[in-house]
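Please dock the two separately framed chains into a single complex, following the hints provided.
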Amino acid sequence: MDKNIAGVTIQVNEEGYLTNFQQWNKEIGTALAQEANVDMGARHWDVIIYLQTEFKNDVPLSIRKIGKSGVVDIKEFYQLFPIAPLKTASKIAGIPKPASCI
Amino acid sequence: MKRIVILGAGTAGTMMANHLRDHLKREDWEIDIIDEREEHHYQPGYLFLPFDIYKPEDITKPIRDFIPNGVNLIHDAIDRIVPQEQFVHMVNGDRLHYDLLIIATGAKIAPEETEGMLGEEWQKSVFDFYTFEGSLALRNKLRDWEGGKLVVHITEMPIKCPVAPIEFAFLADSYFKNKNMRDKVEITYVTPLSGAFTKPKATTALQHLLDEKHIHIESDFAIECVDNERKMIVDYGGREIPFDLLVTVPTNKGDELLARSGMGDDLNFVPTNKATLQSKDYENVFVLGDATNIAASKAGSVAHFEAEILTDNILRYINGEPLKEEFDGHANCFVETGGGKALLIDFNYTHEPVEGTFPLPGIGPLRLLKESRINHMGKLAFRWIYWNMLLKGTHIPFVSTQMQEAGKEF
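Just so you know, the sequences run in chain order Z and B. The first sequence: position 40 = 40 (our numbering), numbered continuously. The second sequence: position 59 = 161 (our numbering), numbered continuously.
So that you can see chain B by itself, here it is in the shape it has in the complex (with noise of 0.2 angstroms):
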């Protein structure tokens, strides 16, 4: 008997033991799942909480329930893995051999990057969205906030759904107006890349979305410091920019377990061939999701796609088979863009955002990179299919793992 460990029940180990137990003989391997935490967030909720548009219920619900029969689910905290002698160390003592691992710990934030951002601001007038408890507070905050400037910030990239920022500051705008306080609250969009949108189609398809909601821009700020008593935020060339309300997307990191593996890079993401999903230093290491220092984006979707063809890979390792380099970078995401609409896109390591129908070419009924009310609706349903059908490792009819070139404009 063998044994397959998995470090994380977020999305994409979730997705992992769904396909592989699937796939695997119980008499031949064991599956391992390890997750310290008990419930399971759809991360995609933390960007409606803020405005009320979702409940803390829609959004979690137990880890267990998404588990398999056939595969153990360990409810502790990891110390460390032993790449070398093929062993997880836990923090209670016990250890655990594996033939194959793979690693699915996800991406977290750490304020703590940045000089005065866990200040004494923090929480008062310096939030995050990119935690269940950071987007509950930001709730509580907006509900009573009587306005004045908003300022939506990303750190430094890479960050998980590279989108929901400026999803945030959109849908600010429609809570705002909604509130009949719009003319209240100055939005300011702070990013350390060259614009809002920076790929040449999405900015010429989208530019416009940032005029009509008088959303301003401040781009290429790299942020040295929040300073707490002024209430700035100070970047390396010595730009300030004032604040009433921060709403920041603090650096992300991998997950400290792999600094302590000696497994990862400087933000404790793993080294992985960005074709094959297999770790660069160990081979019978493999790695997905947000854990990964691949430069495609760190999203649900992203970890969908991959865990399709990473199972098709571990079968093929465990067959002594050579690996197939499918793995393309594909990325499907919807857009929030406030008052009801949404746009939705489609992408991958080689390929910009594009015009087009998906996932139908030619029919659609989804245009990508256009603003429509078809789109809002696909985004709310995608809950449902998120927890009915994506963790459980269903295929999604008509979506297909590597993007299509069909029905697209490039």
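Okay, chain Z solo, but in the shape it has when bound (with noise of 0.2 angstroms):
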């Protein structure tokens, strides 16, 4: 479906995450955090960059694997994006919602 954000539209599923990466730019993201009640600092885009990366390389994101990634250990990230953070960073960077099974 269609949402209007930051001036453009862009297509998200129903419960909002981007489906097509490419739309996404930092203005984008700054709206969606927005929406999330998440202020972005610089802290926060090293998070968001650290999941467009992994994205790109096709590695599934887990809590854990962001508390080892040297970009922030657990505890930052939930001070960072308080309520369920990896689903709400995950939103913010214009990826999909971290996979399960049903």
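FYI, nobody ran anything at the bench for these hints, they're computed from the structure. Take the hints with a grain of salt, since some may be wrong.
Label pairs and their in silico Cβ distance ranges [to be verified]:
#1 Z:82 / B:397: 25 to 35 angstroms
#2 B:155 / Z:8: 49 to 59 angstroms
#3 Z:27 / B:302: 21 to 31 angstroms
Some chain Z residues judged to face chain B by a derived CB distance under 7 angstroms, without partners named [what the hints assert, rightly or not]:
#4 56
#5 68
#6 70
#7 71
#8 74
#9 78
#10 84
#11 88
Remember, predicted model here, so these are calculated numbers, not experimental data. All C-beta atoms, glycine included, are put in the ideal place defined by N, C-alpha and C.
In structure tokens form, the structure reads like this:
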């Protein structure tokens, strides 16, 4: 479905995750963060860039992986994105929701 | 004479040994399979053992019974792989050269990854059911447990058989009902995901089961530690969930061997091409089953579909032909829902579980994503299929390697 944000139209799924990563840019990321009540700072962007890099390399993401990434530890990850951090950060990053089975 | 070495004689490795021996001439290729264990376990049975549905002897048989003639079974521990030199080093000092290596070393639980999980309550009020020992200890605990707060918990993804924990919760509901003590047990299901079911179609079709069975859900829970003294699990956000009996699925990791060999990721899973099943780092190394890092489910059905495609790809590789990018992440799983019923789900990398019929389009007899008795019979019958057909690499009639779209409601 279409979503208007930061002055452009992007495609998202029913849960609001971007379905085409090519459409993502930093303004869209900032606007998505505002919708999630996250005020983006430099540390937030470090995490977002890390998530996007892993996504491009087809690496499935998990809280653990982020904790061991050297980018942030899990405590800080929760401070940056307090509610459901991996899902929230994935949505802001324009990448799919972390995978599960059913 | 060239040599294929298969590491691991579990579901995936055993199937590969059977497939490849059928296809490769004995005078051209020696096939060795290495596993330090003596017994093959039917791992889906670990779910039934705690509830006295299966007995230990139902789910274990000698590994040797499933290895075909013409394949050498080596019962020894592996120290490491040296992929640059194409050698497998054994703990006893032996070295084995390979021309082609298949890694099928699976995944195992790593409770030591979570602070306090192996504390003084381990196997007193904190149990796993992903090992034979854990499942048996839990059976003994449940036999005289008088009730209280039962917490069924997933530590983190990925885990083997992602539906097993919710099946455990469903079967627990049935078990306590049958013992006339359901009113004494509070069942809470704790998951790091956003719900017990997270895909839209499955959520719509299955959410009612949780309500009917009075299973309370705690989602988005990323565990930091098990507090043994206060009998609580605590997450990084500070949430606390009390338990009288914790049944947890600890972190799952690939074999330590892969860390020693420098071939695994941070969870010791091997970086693998998700369509060809070739290692991303070494062209003569192939990986299947739970040992890969691909985003398919870690389940026997996935290993079964992978084995058929990987056999073709290994034959192509040997003949110098390009590999086919055929593996689509296909999985097919029965989900026990308790009370003698089960669901069947069928999905792949791109299609979420949907409604429809299986395996014959429009006919079934099994219905996808619908609870029924015949699905439960299917799950019980599957144990026979596993021992008698699946491990031996016999093709299962009507069940295709790639997911079929006919007869399904997308």
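For each hint, the structure was consulted:
{"no.": "1", "hint": "Z:82 / B:397: 25 to 35 angstroms", "verdict": "holds (27 angstroms)"}
{"no.": "2", "hint": "B:155 / Z:8: 49 to 59 angstroms", "verdict": "holds (56 angstroms)"}
{"no.": "3", "hint": "Z:27 / B:302: 21 to 31 angstroms", "verdict": "holds (29 angstroms)"}
{"no.": "4", "hint": "56", "verdict": "violated (14 angstroms)"}
{"no.": "5", "hint": "68", "verdict": "holds (5 angstroms)"}
{"no.": "6", "hint": "70", "verdict": "violated (11 angstroms)"}
{"no.": "7", "hint": "71", "verdict": "violated (13 angstroms)"}
{"no.": "8", "hint": "74", "verdict": "holds (5 angstroms)"}
{"no.": "9", "hint": "78", "verdict": "holds (5 angstroms)"}
{"no.": "10", "hint": "84", "verdict": "holds (4 angstroms)"}
{"no.": "11", "hint": "88", "verdict": "violated (10 angstroms)"}
In this structure, the hints that do not hold are numbers 4, 6, 7 and 11, in rising order.
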